[in-house]
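Once you have looked at the hints, place chains B and C on chain A.
Protein chains in written order, with our numbering: chain A, 1411 to 1988; chain B, 46 to 408; chain C, 3 to 327.
Bear in mind the hints are in silico, worked out from the structure with no lab data behind them. For glycine and all other residues, C-beta sits at the position ideal for the given N, C-alpha and C. Incorrect hints may appear among the rest.
Now the in silico label distances, taken between C-beta atoms and shown as ranges [as the list claims (entries may be wrong)]:
#1 C:L325 / B:V149: 38 to 44 angstroms
#2 C:H36 / A:T1665: 42 to 48 angstroms
#3 A:T1665 / B:V149: 39 to 45 angstroms
20 angstroms max Cα-Cα, derived PhoX-like pairs, lysine-lysine [to be verified]:
#4 B:K215 / B:K321
#5 A:K1853 / A:K1779
#6 C:K296 / C:K122
#7 C:K122 / C:K291
#8 B:K108 / A:K1779
#9 B:K114 / A:K1779
#10 A:K1930 / A:K1853
#11 B:K215 / B:K323
#12 A:K1779 / B:K106
#13 B:K321 / B:K229
#14 B:K336 / C:K159
#15 C:K93 / C:K150
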Amino acid sequence: MNPNDQAPSGSEVSSQETAKVAPETTESGPSYLTVTKTFASWALTLDHKRIGLMYLVGVLGMFFLGGVFALLVRTELFSPMPLITPLFAADPGAQADLYNQWFTTHGAIMVFLVIIPGVPAALGNFVLPLLLGAKDVAFPRLNLSSFYLWICGAAFFIYVLFSGGVDTGWTFYTPYSTDTSTAVIPAVVGVFILGFSSIFTGLNFIVTIHKMRPKGMTWFNMPLFLWGTYSTAVIQVLATPVLGITLLLLILERTLGIGIFDPQNGGDPVLYQHFFWFYSHPAVYIMIIPAMGVISEIISVHSHKRIFGYRYIGYSSVAIAIFSFIVWGHHMFTSGQSTVMNIIFSGITFSVGIPSAIKVFNWIATMYKGSLTLNTTMLYGIAFIFLFTIGGLTGLFLGVLSIDTHLHDTYFVVAHFHYVMMGSALIAFIGGLHHWWPKMTGKMFSEFWGRIACTLVFIGFNLTFIPQFVMGSLGMPRRYYTYQDKFEIYHQLSTVGAYVMAVGFFMTAFYLLQSLASGKKAPSNPWGGNSLEWHTPSPPPLENFHGVPSATDPYELDHFDYDPVTGNYSSRTTAGSA
Amino acid sequence: MMHFFNPLLSHWATQTGPSFWLPAPVSNFADTVDGDFYFVYWVSIFFLVLITALLVIFMMKFKAPEGQKATSQNDHNLILEVAWTGIPVILSFMMFWYGYKGYVAMATAPSNAMTVTAEASRWLWNFTYPTNGAVVPGASEDFNEIRMGVRDGSLTPEAAAERESKVLEKAGLHVPVNTPVKIKVMATDVLHSLFIPAFRVKKDCVPGRIGELWFEATEPGVYDLLCTEYCGQGHSLMHSKVVVHESQESFEKWLEVAASYDETLPFEQLGEIVWKRKGCVSCHSLDGSNKVGPTWQGAFGSLRQYTENGVAGSTTVDEAYIEESIRYPMKKIADGYPGQMPVVKLTDKEILWVTEFIKSLGK
Amino acid sequence: MSGDAHQDNSEGAAETHHGGHGEGHDHGHGHSPHLAHHFDSLDQQFEAGKLGMWLFLATEVLLFGGLFVFYTVYKANHPDLFEWGSQFLDKRWGATNTMVLLFSSLTMAMAVREAQLGRKNRILFYLAVTFICGLGFMGIKYLEYSKKFHEGLFPGKSFSYATVDAAEQERARIERESLDSLIPPKAPEANPKEIEPIAKTQAKGPALPPTGLAVNMGKDEMKAKLKEESKYPSNPDELYIAPYHVPTVPRPENAHVFFSIYFCLTGLHGIHVLIGMAVMVWLMWLVMKDKIGKEFFTPVDLGGLYWHLVDLIWIYLFPLLYLVE
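Chain A extracted, bound-state conformation (with noise of 0.2 angstroms):
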């Protein structure tokens, strides 16, 4: 009867009958990280949570890479003159192609190997199957697969970094990219194989939501995280093969010529433009979404309060995915498309944000009344509502389109997306880490530090990006590496800011490193969250579950007592709701 004498073979755990007493008390068996402690058994597993934590790993140890290089970018912004670049390259030109190559490393290691892959593939195999209850996702060996093809992808980057780097942009834009002597064949295989990754772990997602929730969790039954990243799995697995192809084109374009993307060769540089948007507008919301499934379980849990209007927040995770398949064209309002079909993308883009500011009102309301523990993980939450507002709403400058005529290609849109993509995906992210970070590891990290590093990059986030939106739409174009003097200042406001994050970051790499060796042993519910991963201990066995968790409403969050002595959220009740 016993379901966890389906064990794998070579795993030490053959039974887990000792599963009904208490985690607290007594050790209740291995965790899954101490279950086997071999190499192998890290490399070759295919634990959802071990892969989890190794993407983690990689994910942060990229986001650090992508970070030099945007501390290299603003500090070289600091004054108009060549100032950091003549370190490195006696030529003026030179310097300035080092610049380029800076911006450009920049913006796809943050893009493709930090934001796409941060919250679905690190978070969510992490908490994904605990959430449904469930031992792993559906196809254990396809996500091993998925993570060594992100590796592969990250070592075609950092080839990149070594071969003299690529200067494109991270749009790869034709002609340009057909024609710069860089790297950009290396960098664009990167990109295609970790396209592929990105779709291995969709494709996982969907089967495993479809196929693996357990008895008694209907649709409207899940975490909202999983309606995020279910969401999100569909644009992941319908997006990026456009991607693929096109990628694959570039190089034959760029290797044999063929004629489909450069003019010389009797091809159309815009054509490159709007497939390659068909997939990277998508891709900005598989950054979002599941940073919204975050932010939906942040904010409900630790303002200990059922979120407000479940159903619509569900919905328009659906909603804003299907959206995004029909607005890229808003990228090329100034490329010469024709004019109706801007009028055509300029009404759609607005059908976009009416689901997420639903979104944002439904957050605060979820605020109201609750019982708001203001600890790091929510102070990150409420960051993000805030964060996110100004990213949405100055989206609405640039879908308007005789504003956006004026912005587009200029700082402003600079700092919109870095709102949207760090402000708010990276910052879901981050929370999510403080969030799943007791039941990953087992630990509680510390507070006070947690408090003021967030506080940090909050600072420093708003004195970086808010001058940029200043001297954007006063008509400063991106992607430069000297600008007239009058911009001056408020480069030199953002560079200052970009080093208060940075100090922000390095302070929560800190007491996040230091919890692990000497950090408070955590709770199995340190928050009070009803979702299936508090009902484990943390952290959780390697099959997940002693015994097979039935399914509870997860916002039901008022039957739990807290135990200030083991800071231990229980339940009250044992009637539950099964």
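Coordinates of chains B and C only, in the frame set by chain A:
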């Protein structure tokens, strides 16, 4: 343009100097764009303040120690939900509508607009005035030098201004005030984008395509012209100026000067300028490739098969044949090419220079 | 502790639920060797595999979908390009390949059916036939490709017109002869206009300006006549390009793009056929090792889905590339 939709914002729209957010408005579109901008701006500020205030109030009011129960578990409120769906729908439709109206005006140039061609290459601009074929450079290098000079103190602001006006005598995009001007944008190599912040106009220059933008400058002066589509090493240096002349006369006077030749140059170079200015460039290549007409590379002295009134003939390409072909283009039509060459009126001098230019391209 | 109580409770509920589940699906033997540890039942595992495969096929469709959109865009902008280019493709080979793939789909379906019935030898037979069909398809593709390469019809920059030029000149000669024979009594000067366009077509260089400048008049009549007469040129051996390849449509600008699209589409499809053939080998290996039987035929089923998709894509490719008129 009238701001009937937004009387509250009229003082923003009619301002003349640069504001905190936007550069000085100096074209017919600036009022519309700025009006739209401030409409969205104030809507955004309203919601940002509202949301921030709610967040801060809730954070203070509902802050509670661990373990305390929420006072409500309510998760729906129909009126609120309808309101916060409906209001954004209405507002975003308004935004779309204003943007649409403003954009349609930008997309269609009036038929009486004066046309100028702007051609972008890495990393320079060339402006062509079809009325007399003058090709005027963007002179990005000069402007950057002046900027650097001011920066490192080797140029006083006055000296810089003086040098700039000297450069602008034969460079930059010049337009008369209060006249509709249509700019045809094109690129020779990679993508570029023509951006004049003060006019609120922008259009990508796509190789192989001709784009179009138009405006009517409302204030004489000198304004920035920038490239906003990433084009490589010199992207941030593709900086030129727009000069708005205070009258049609002063513009025409400038154009005459700009169109004149610097006769101290060698004849071949002058011939190349003619080749560009007079549009020979669009049909005759210099690199041996066949366009609508025969290439000029190695043309001089070669044997040319032609058809004259349906009778085949041949001749060596020499001074006389070149002059005849320019003056009477449809007389002898080279075999393999359509007889499409228009009559381009060149002066004797220009014909001489062109001939020397063709000679210099080898036999 | 109440936390434990909660856990106990949920587990208790789950125990019963699991029991019910097991009875419903496992038919008494819950530990099938084919069941992965994280699934509750073989049914669930099969369903998951099937859904996963369909999703994967959706990504494949979108991958090709991208190329089909490129095709559509270029077809809409340059219809002449496709009319010209498709003359170089041999409809007979294309049709043969279509038949081969259709037949292989049938044998694949039979293999799936036999797998469900668990008849080992028959599965092997049908898988082998499917594999051979794939081999035949690739063989024919090889013949077609090598012909194109001989003729210089490469994708991209290495594309060469030399052979095509020779063929076109030959065509022009035939054209002229046939026209001469149509209007024998008149002197050339009397009707120069009718001759002129031919002369110009003949002189067309590799990168002539916008199409159709020369051949506007009489194009249709000329085509009709050529269809009758030029199919059999006086001495076909002189031409590298076989008689039915002699283009009857004037060559448009950037004609090489047709071959770029042709090679991209058929090349990507060919790679998929090769992968499909590898899958057949893998399936045969599984069958021989007795890893597939009545109760577990998922791999054959999914392999079949994949093969049908590859087939389906060819069904679209064939008319889009070969049958352009």
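Against the 20 angstroms threshold, does the CA-CA distance of K215 of chain B and K321 of chain B hold or violate the hint?
16 angstroms, holds
Decide if the proposed pair is consistent with the structure: K215 of chain B and K323 of chain B, CA atoms, cutoff 20 angstroms inclusive.
18 angstroms, holds
Run the distance test for K296 of chain C versus K122 of chain C: straight-line Cα separation, threshold 20 angstroms.
10 angstroms, holds
Sort out whether K159 of chain C lies within 20 angstroms of K336 of chain B, counting only the CA atoms.
Judged against 20 angstroms, a Cα distance of about 19 angstroms means the pair holds.
Looking only at beta-carbon atoms, does the pair H36 of chain C, T1665 of chain A fall within the given range of 42 to 48 angstroms?
Taking Cβ atoms as reference, H36 of chain C and T1665 of chain A lie about 44 angstroms apart, which means the hint holds.
Does the structure keep K1930 of chain A and K1853 of chain A at a Cα separation of 20 angstroms or less?
Distance of about 6 angstroms is within 20 angstroms: holds.
Proposed proximity, K1779 of chain A with K108 of chain B (alpha carbon, max 20 angstroms)
10 angstroms, holds
So if I understand the rule, the pair passes when the alpha-carbon distance is 20 angstroms or less; does K1779 of chain A with K106 of chain B pass?
Roughly 8 angstroms separates the two Cα atoms, so the pair holds.
Range agreement (Cβ of V149 of chain B with Cβ of L325 of chain C, hint 38 to 44 angstroms)
With Cβ atoms ~43 angstroms apart, the hint holds.
Hey, K321 of chain B versus K229 of chain B, does the alpha-carbon distance stay inside 20 angstroms?
16 angstroms, holds
Assess, step by step, whether the Cα of K93 of chain C is no farther than 20 angstroms from the Cα of K150 of chain C, and give holds or violated.
Holds: K93 of chain C and K150 of chain C sit about 14 angstroms apart, inside 20 angstroms.
Are the Cα positions of K1853 of chain A and K1779 of chain A separated by 20 angstroms at most?
Between K1853 of chain A and K1779 of chain A the Cα gap is close to 30 angstroms, so the pair fails against 20 angstroms, i.e. violated.
Of the numbered hints given earlier, the model fails hint 5 alone.
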